[in-house]
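Visitor: Listed here are the chains, written in short residue letters.
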Amino acid sequence: MKLTLHIWRQKDINTKGNFVKYNIDNVSEDMSFLEMLDELNEDLIKKGEQPVAFDHDCREGICGSCSMTINGKPHGPEKMTTTCQLHMRKFKDGDTIYIEPFRAKAFPVIKDLIVDRSAFDRIQMAGGFISINTGAAPDANSIPVPKKNADKAFDAAACIGCGACVAACPNGAAMLFTSAKISQFALLPQGQAERKQRALNMVAQMDKEGFGACTNHYECEAACPKGISIEFIALMNRDYLKASLFSKVK
Amino acid sequence: MKLDSKIPSGNIQEKWDKHRFEMKLINPANKRKYKLLVVGTGLAGASAAATLAELGYRVETFTYHDSPRRAHSIAAQGGINAAKNYRNDGDSIWRLFYDTVKGGDFRAREANVYRLAQVSNNIIDQCVAQGVPFAREYGGTLDNRSFGGAQVSRTFYAKGQTGQQLLLGAYSAMMRQVGLRNIIMHNRKEMMDLVVVDGLARGIVVRDLVSGKIESHVGDAVLLATGGYGNVFFLSTNAQACNVTATYRAYKKGALFANPCFTQIHPTCIPVSGDHQSKLTLMSESLRNDGRIWVPLNKGDKRRPEDIPENERDYYLERKYPSFGNLTPRDIASRAAKQVCDEGRGVGPTGYGVYLDFSDAIKRLGKEKIQERYGNLFEMYERITGEDPYKTPMRIYPASHYTMGGLWVDYNLMSTIPGLHVLGEANFSDHGANRLGASALMQGLADGYFIIPYTIGHYLASYTIDKSVTTDHPEFKKAEQKAYDKLNKLISIKGKKTPTEFHRQLGKVVWDKIGMARNEKSLKEALEIIPQIREEFWQNVNVTGEIGSLNTALEKANRVADFLEFAEIMAWDALERDESCGGHFREEHQTPDGEAVRNDEKFAHVAAWEFTGVGNKPIRHTEELVFENVKLTVRSYK
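As you go down the protein sequences, you meet chains Y and D in turn. Letter 103 of the first sequence, counting from 1, is numbered 103 in the working numbering, and no numbers are missing. Numbers in the working numbering are just positions in the second sequence, counted from 1, shifted up by 1000.
Hints in this document: simulated from the structure, not taken from any laboratory. Here the structure is a predicted model, which is why all the values come from computation and not from measurement. Where hints are given, some of them may not hold.
Claimed, not checked - Derived lysine-lysine pairs resembling DSS-like cross-links, with alpha carbons at most 27 Å apart: (1) D:K1494 to Y:K21; (2) Y:K11 to D:K1489; (3) Y:K46 to D:K1508; (4) D:K1496 to Y:K46; (5) D:K1024 to D:K1252; (6) Y:K46 to D:K1497; (7) D:K1253 to D:K1035; (8) D:K1496 to Y:K47; (9) D:K1477 to D:K1252; (10) D:K1252 to D:K1018; (11) D:K1497 to Y:K2; (12) D:K1477 to D:K1489; (13) Y:K148 to D:K1367; (14) D:K1369 to Y:K148; (15) Y:K11 to D:K1497; (16) Y:K79 to Y:K47; (17) D:K1033 to D:K1467; (18) Y:K47 to D:K1497; (19) Y:K11 to D:K1486; (20) D:K1299 to D:K1391; (21) D:K1496 to Y:K11; (22) D:K1497 to Y:K21; (23) Y:K47 to D:K1035; (24) D:K1467 to Y:K16; (25) D:K1496 to Y:K2; (26) Y:K79 to D:K1391; (27) D:K1369 to Y:K47; (28) D:K1508 to D:K1524; (29) Y:K147 to D:K1299; (30) Y:K79 to D:K1467.
My request is simple: use the sequences and hints to build the entire structure.
Guide: So this is what it looks like as structure tokens:
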């Protein structure tokens, strides 16, 4: 199939970017979306131009590297699918596709489709862990976890940290990302000791990074390639509220 | 060069305990005085960085990713082994040790493997305490599944995303230490060279992938946890950025590269669909628990799988290996698939594929149970191929997946360059000639959480490290200049072919001639063709853009340049190892029914290669493997 692409090109963090139009032929429907971009990049290099820079790595939908918005949707049109797992059979001959980086105040564009998501690392650093030094752990089966809770914690832990939730949110909020980590630990007995402080610290860092607030658009859940549920945001809000109202640890 | 493995004396059960007692310690207050550079922040690197920082060392980490959470450990699906014996099915440290040595076709060090089995249980404890959400039983205890090469259920798992959950556990421990300022994290920085001063590994030169700047970092020891070289095949299950550069450049600085020809071809991957393909996707080995592998009995049978009656199907693994069936180790399952396809019985448009069929399991357990066990894998398969595996069997074919070879290390995980330690897939240590499923995660975390934290102290206390060395030292300046010159050369060639085209060209040669089956002729051909491709590369590669900014084409070209040199030592190693063992199958050495034939008299050793210049044949050193606890037998899964 033949496609018309409009791709965001931006030299670096300090330069303004713009859409550039490219025509591409011979796109096979078995290609992944990124393989289609690979083909374009091969052509660009042959013409002596710079390839379109985009983050990608595992191409199995698990590393969370890909970070592009396709026709206005983070990761494109297919539900529960990262860009690398999106295949061209979902498009048709003659389509026009707009490709731009994830847009959010807290995700500055570094080049073309690459954004800086280090804010996520700093949220994690603020409390996304259980403080247990190597070697200090009791026998694994000495901490029974009801299967229901373990499964729920897994659902939250499945977050790949891609940032689609932020890009999809009209407020650029990182509530889904942050709540997924808070909930994973809140649902497990191992996470109880630091539960309140964790919620306070991670939410504070999230605000500090310039992410917006949640006003219940539910766009994050719809865009999430791993189907993380917004019920975790409710759990986080409950924990945060409890911690700020009743906790002596501030 | 005499390779001293430094294996402690005594009974195998006591070696590690004894060694831990005999190793020198560093006083807690003095640990702050040492700076450790950890390159690579996957399972091995992140777990090492976190643990060393907890102990009080100053740690700096380096990764080319934007965050440690992206490392390719994240893609490991099936699980992690441990000798917990929670199933009460006869498992023990000894059995895990035995299975791993046998699974590796008797080409691994007994002492290392025994230690691995010993610490495997601590790993599970640690990960659970970190909040890793492993699968559980209704009573709240941990669940297990079976994996290839074992007759017990010892694999712990978190759906098909075990690697993700373990990596995020190690990453969270690491981020805690970053927050406590015990770790300084350098993301989007790629190692260009290792710096050796007065014979000790003292630092690295990196390129900042955003600004393009070349910079130096000095430390008291360097830990490489930079993964394997499976992408030398171009098409593999590895992530796009996985490369050999860090370990290869350490090799060029004097570290020996051990057993490079031991590569693992994984039997269950989605087959190639066309030339545009950038990677192959793994379907977890755990699928072989419930899926049955078959091809049509007759050549050229083009009927749909549903239309082929039971008596015209060949469940070849169950037929050839009745006691392990579909759960034979990876090398054996891969070769068996190649064999039936070479006979003309392969399926799918290319004829290079076999069926992995769940219809019996769905009948027996119900669709819901299968969905619970493998739901995400089935979805992934459908997304990529457009076929629904609940209705029609999956098609699978082997692909490059893991590399058992790596930098040679002693029992302390130290390479032949003092101070340079190598962890995880980047070293050669524990898997011999074939790795068992769910053992990569185990080894990465064993190295990082439970081995290097002890052995690094012994190194620091045993050697005199000149504290006056800074990045102004001439060795740093020389390495910076060399890195810059190389990149500059790549940019200035302005040829006609892209770095990817060269990579694809190389990969085809490696797959055809140093792939699942090799012979003297194919290896000699590889040794002729690879230098030709390399020569053309340096005259005709086209890298656009500049050094001083983010440049993805330059990153790729720089990695491909190293693969083009590295592939040659793989071929040399495969040629000189004139036997078949594990993933290394020399067609000259097989039984009439196609099983590998080892030559223990001549080759029960590790081959470790020393660099002698690009294009020159490297020097082959050997470390004899002594088997005192496991009897060398013909590996049989029949």
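Visitor: For every hint, state whether the structure bears it out.
Guide: Hints, verified against the model:
With a C-alpha separation of about 25 Å, the suggested pair K1494 of chain D and K21 of chain Y falls inside the 27 Å cut-off, and the hint holds. For the suggested pair K11 of chain Y and K1489 of chain D, the alpha carbons sit about 23 Å apart, so the restraint of at most 27 Å is met. This hinted pair checks out: K46 of chain Y and K1508 of chain D have alpha carbons roughly 22 Å apart, not beyond 27 Å. Distance restraint check for K1496 of chain D and K46 of chain Y: the Cα-Cα separation of roughly 7 Å lies within the 27 Å cut-off, and the hinted pair is therefore satisfied.
Of the supplied pair hints, the one linking K1024 of chain D and K1252 of chain D is violated, its CA atoms being roughly 30 Å apart against a limit of 27 Å. With a CA separation close to 7 Å, the supplied pair K46 of chain Y and K1497 of chain D stays within the 27 Å bound. A distance of roughly 21 Å separates the Cα atoms of K1253 of chain D and K1035 of chain D; the hinted pair therefore holds under the 27 Å criterion. A C-alpha spacing of about 9 Å is found between K1496 of chain D and K47 of chain Y, which places the hinted pair at or below 27 Å, so the restraint holds.
Note on K1477 of chain D and K1252 of chain D: the hinted pairing holds, with a Cα-Cα distance of about 17 Å set against a maximum of 27 Å. This hinted pair does not check out: K1252 of chain D and K1018 of chain D have alpha carbons roughly 35 Å apart, beyond 27 Å. Between the alpha carbons of K1497 of chain D and K2 of chain Y the distance comes to roughly 24 Å, so the proposed pair stays at or under 27 Å and holds. Proposed proximity of K1477 of chain D and K1489 of chain D is supported: the alpha carbons are some 18 Å apart, at most 27 Å.
Restraint check for K148 of chain Y and K1367 of chain D: satisfied, since their Cα atoms lie roughly 20 Å apart, inside the 27 Å limit. The suggested pairing of K1369 of chain D with K148 of chain Y holds, with an alpha-carbon distance near 16 Å, which does not exceed 27 Å. Pair hint K11 of chain Y plus K1497 of chain D holds up; C-alpha atoms about 24 Å apart against a cutoff of 27 Å. A C-alpha spacing of about 35 Å is found between K79 of chain Y and K47 of chain Y, which places the hinted pair above 27 Å, so the restraint is violated.
Only pairs whose Cα atoms come within 27 Å are accepted, and K1033 of chain D paired with K1467 of chain D is accepted, the gap being roughly 10 Å. Simply put, K47 of chain Y and K1497 of chain D have alpha-carbon atoms about 11 Å apart, close enough for the 27 Å limit, and the pair holds. For the given pair, K11 of chain Y sits about 24 Å from K1486 of chain D by alpha-carbon distance, which is consistent with the 27 Å threshold. Restraint check for K1299 of chain D and K1391 of chain D: satisfied, since their Cα atoms lie roughly 24 Å apart, inside the 27 Å limit.
Distance hint between K1496 of chain D and K11 of chain Y is fulfilled; the C-alpha atoms sit about 24 Å from each other, no more than 27 Å. Our distance criterion of 27 Å between C-alpha atoms is met by K1497 of chain D and K21 of chain Y, whose separation comes to about 24 Å. As the CA atoms of K47 of chain Y and K1035 of chain D are separated by approximately 46 Å, the hinted pair breaks the 27 Å bound. The suggested pairing of K1467 of chain D with K16 of chain Y is violated, with an alpha-carbon distance near 46 Å, which exceeds 27 Å.
Annotation: proposed proximity of K1496 of chain D to K2 of chain Y holds, straight-line Cα distance about 25 Å (limit 27 Å). Pair hint K79 of chain Y plus K1391 of chain D holds up; C-alpha atoms about 22 Å apart against a cutoff of 27 Å. At most 27 Å may separate the alpha-carbon atoms for a hinted pair to count; K1369 of chain D and K47 of chain Y exceed this at roughly 53 Å. In summary, the hint linking K1508 of chain D to K1524 of chain D is supported, as the alpha carbons are separated by about 15 Å, within the 27 Å threshold.
Between K147 of chain Y and K1299 of chain D, the direct Cα distance comes to roughly 48 Å. Violation of the 27 Å bound is thereby established for this hinted pair. Taken as a hint, the K79 of chain Y and K1467 of chain D pair is broken in the structure, with Cα atoms around 56 Å apart against an allowance of 27 Å.
In this structure, the hints that do not hold are numbers 5, 10, 16, 23, 24, 27, 29 and 30, in rising order.
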